[in-house]
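Trainee: Work the whole structure out from these sequences, hints included.
Protein chains: 2
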Amino acid sequence: MLSIEQLKILFPDWEQGLYESVLENAELKEANAGAVLLKRGQNIKSAMLVVEGTIKLYQEDEEGGEYFMYHLNPGEACAVTLVCNYHHEQSQVLAKAVTDIKFLAIPITFMEKWLNTYKSWHYFVIKTYRSRYEELLKTIHEVAFKNMDERLEYYIKKQVDQFGVTVKLTHQDIANDLNTSREVISRLLKKMEHNGWIKMNRNAFDWIKK
Amino acid sequence: MLSIEQLKILFPDWEQGLYESVLENAELKEANAGAVLLKRGQNIKSAMLVVEGTIKLYQEDEEGGEYFMYHLNPGEACAVTLVCNYHHEQSQVLAKAVTDIKFLAIPITFMEKWLNTYKSWHYFVIKTYRSRYEELLKTIHEVAFKNMDERLEYYIKKQVDQFGVTVKLTHQDIANDLNTSREVISRLLKKMEHNGWIKMNRNAFDWIKK
DNA sequence: AGGGTGGTGTGATAAATATCACAGTTTAAA
DNA sequence: TTTAAACTGTGATATTTATCACACCACCCT
Numbered sequence: 001m002l003s004i005e006q007l008k009i010l011f012p013d014w015e016q017g018l019y020e021s022v023l024e025n026a027e028l029k030e031a032n033a034g035a036v037l038l039k040r041g042q043n044i045k046s047a048m049l050v051v052e053g054t055i056k057l058y059q060e061d062e063e064g065g066e067y068f069m070y071h072l073n074p075g076e077a078c079a080v081t082l083v084c085n086y087h088h089e090q091s092q093v094l095a096k097a098v099t100d101i102k103f104l105a106i107p108i109t110f111m112e113k114w115l116n117t118y119k120s121w122h123y124f125v126i127k128t129y130r131s132r133y134e135e136l137l138k139t140i141h142e143v144a145f146k147n148m149d150e151r152l153e154y155y156i157k158k159q160v161d162q163f164g165v166t167v168k169l170t171h172q173d174i175a176n177d178l179n180t181s182r183e184v185i186s187r188l189l190k191k192m193e194h195n196g197w198i199k200m201n202r203n204a205f206d207w208i209k210k
Numbered sequence: 001m002l003s004i005e006q007l008k009i010l011f012p013d014w015e016q017g018l019y020e021s022v023l024e025n026a027e028l029k030e031a032n033a034g035a036v037l038l039k040r041g042q043n044i045k046s047a048m049l050v051v052e053g054t055i056k057l058y059q060e061d062e063e064g065g066e067y068f069m070y071h072l073n074p075g076e077a078c079a080v081t082l083v084c085n086y087h088h089e090q091s092q093v094l095a096k097a098v099t100d101i102k103f104l105a106i107p108i109t110f111m112e113k114w115l116n117t118y119k120s121w122h123y124f125v126i127k128t129y130r131s132r133y134e135e136l137l138k139t140i141h142e143v144a145f146k147n148m149d150e151r152l153e154y155y156i157k158k159q160v161d162q163f164g165v166t167v168k169l170t171h172q173d174i175a176n177d178l179n180t181s182r183e184v185i186s187r188l189l190k191k192m193e194h195n196g197w198i199k200m201n202r203n204a205f206d207w208i209k210k
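Chains B and G are the protein sequences, given in the same order. If you count by our numbering, then the first sequence holds residues 1 to 210, one letter each, in order. If you count by our numbering, then the second sequence holds residues 1 to 210, one letter each, in order.
One thing to keep in mind: the hints can contain errors.
Any copy, or any two copies together, can satisfy a pair, since identical chains are not distinguished.
[Stated by the list, open to error] Think about it this way: if two alpha-carbon atoms lie no more than 30 Å apart in a straight line, the pair counts; the simulated DSS-like pairs of lysine-lysine are: (1) Lys39 <-> Lys146; (2) Lys146 <-> Lys102; (3) Lys96 <-> Lys138; (4) Lys209 <-> Lys102; (5) Lys39 <-> Lys191; (6) Lys157 <-> Lys209; (7) Lys127 <-> Lys157; (8) Lys157 <-> Lys210; (9) Lys191 <-> Lys209.
Hints in this document: simulated from the structure, not taken from any laboratory. Model, not experiment: these values are computed from the prediction.
Mentor: Laid out in structure tokens, this is it:
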């Protein structure tokens, strides 16, 4: 398990009692890069707080399509799993580990309790929803208004923000995340290379622009 | 101003003190159908709680495009205006009155105060974010995975849920809300009519399917 | 070294959507 | 009643994206 000191670094604004309650009731879990942590329609039995590594959140189609929405990093929580009412606890999203990860799994029975007990938990939940809400707005902005070339650029920038200028993804990976086909991505990347925005390698490329 | 009794009907789960604080500090405002209540980039100076009528929330493009996301009805609040931290209070959305409306405008200075004072306000904020978050997920699902014909059907169903089977919108209205062109909507509606899903009139049509 | 696999490049074509042009039709206003 | 404005229908065409087909190349495996 984690120490209180580690928790305090990850979640600096919590109350003392909340740290203790987390240590007491949460389970520290691990998963390997690539693992699916949550699927569309799956029942949510615990909240997920990221401790180590990065998670990618997707909107998932009935027919297997995926659309990447945002990353979750240490100190952040998966908004959908922070259910406050036990009724409709079906996941609307797909969550995948990008790297090897560690996360705290907190049984949802504590959600209601903590909302009543810890102000800092309340704030944490609100902050989480608010920031994820904003990410979703950005995603809608992209997908509702932009063509694939601009969406690809936006996607790469998010990737670069997370992992640096060397993007270690195949064209197929990117195509899956943007719900399009590899050929489209290949051609657009080629165009970016011609424009001097990227330098391509096998299985990866470097973002140069700006 | 409203009476406490009216407030209790609209927001049944609040604490007594919250009702009083709202009556004391909120301003009851009105707007006509079609009025723009909030624009992209606009500074948010007050939270909006719907009292009467219906508001439509849009994602707005820099170049004037719009994409309809969801309706707000009496008893509901605009999530984006429930800012808890005063820093980045720029609106990401466009809000329009669909009907004549009344709403409570609450200066954002009270947000922080009420979060500290009223548990029911805390719950209200979380509930608001949660339900809007889910609406956004549905919107992403439509726009990322569906073709225009399915998106149009989904759009009409939302309209029908709000205002009944007679849809009083021009093709241009719908095209604006779905960020496409009137011709596309006209042709798709024609197809729906052939399929017996709708019965078309001028400036309106009836939803028949199912 | 040879062969398989996965990643990439690219033409050809199809499908979905956007855009332009214009005609017809209903409604509202003069 | 005439006229203008708004709404609708529809062809033609352009653009964007999806799909199919296949060639090539780098790397790993034995």
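Trainee: Each of the hints needs a verdict: does it hold here or not?
Mentor: Evaluated hints:
For a Cα distance limit of 30 Å, the shortest separation of Lys39 from Lys146 qualifies both inside one copy, at 27 Å, and across copies, at 20 Å. In the homo-oligomer, the alpha carbons of Lys146 and Lys102 never lie at most 30 Å apart, since the shortest distance is 35 Å inside one protomer and 35 Å across protomers. Proximity of Lys96 and Lys138 under a CA criterion of 30 Å is satisfied in both settings, with 20 Å inside one chain copy and 20 Å between copies. Within a single copy, Lys209 and Lys102 get their C-alpha atoms no closer than 34 Å, and across copies no closer than 49 Å, so neither meets the 30 Å cut-off.
Taking the shortest alpha-carbon separations for Lys39 and Lys191, neither the intra-copy value of 35 Å nor the inter-copy value of 35 Å comes in at or below 30 Å. In this assembly of identical chains, Lys157 and Lys209 lie within 30 Å of each other by CA distance solely inside one copy; the values are 10 Å within and 44 Å between copies. Within a single copy, Lys127 and Lys157 get their C-alpha atoms as close as 24 Å, which meets the 30 Å cut-off; across copies the closest is 32 Å, which misses it. Only within a single protomer do Lys157 and Lys210 lie at most 30 Å apart by alpha-carbon distance; the minimum there is 11 Å, versus 45 Å between protomers.
Proximity of Lys191 and Lys209 under a CA criterion of 30 Å is satisfied intra-copy only: 13 Å inside one chain copy versus 46 Å between copies.
Hints 2, 4, 5, counting from the list given before, are not met by this structure.
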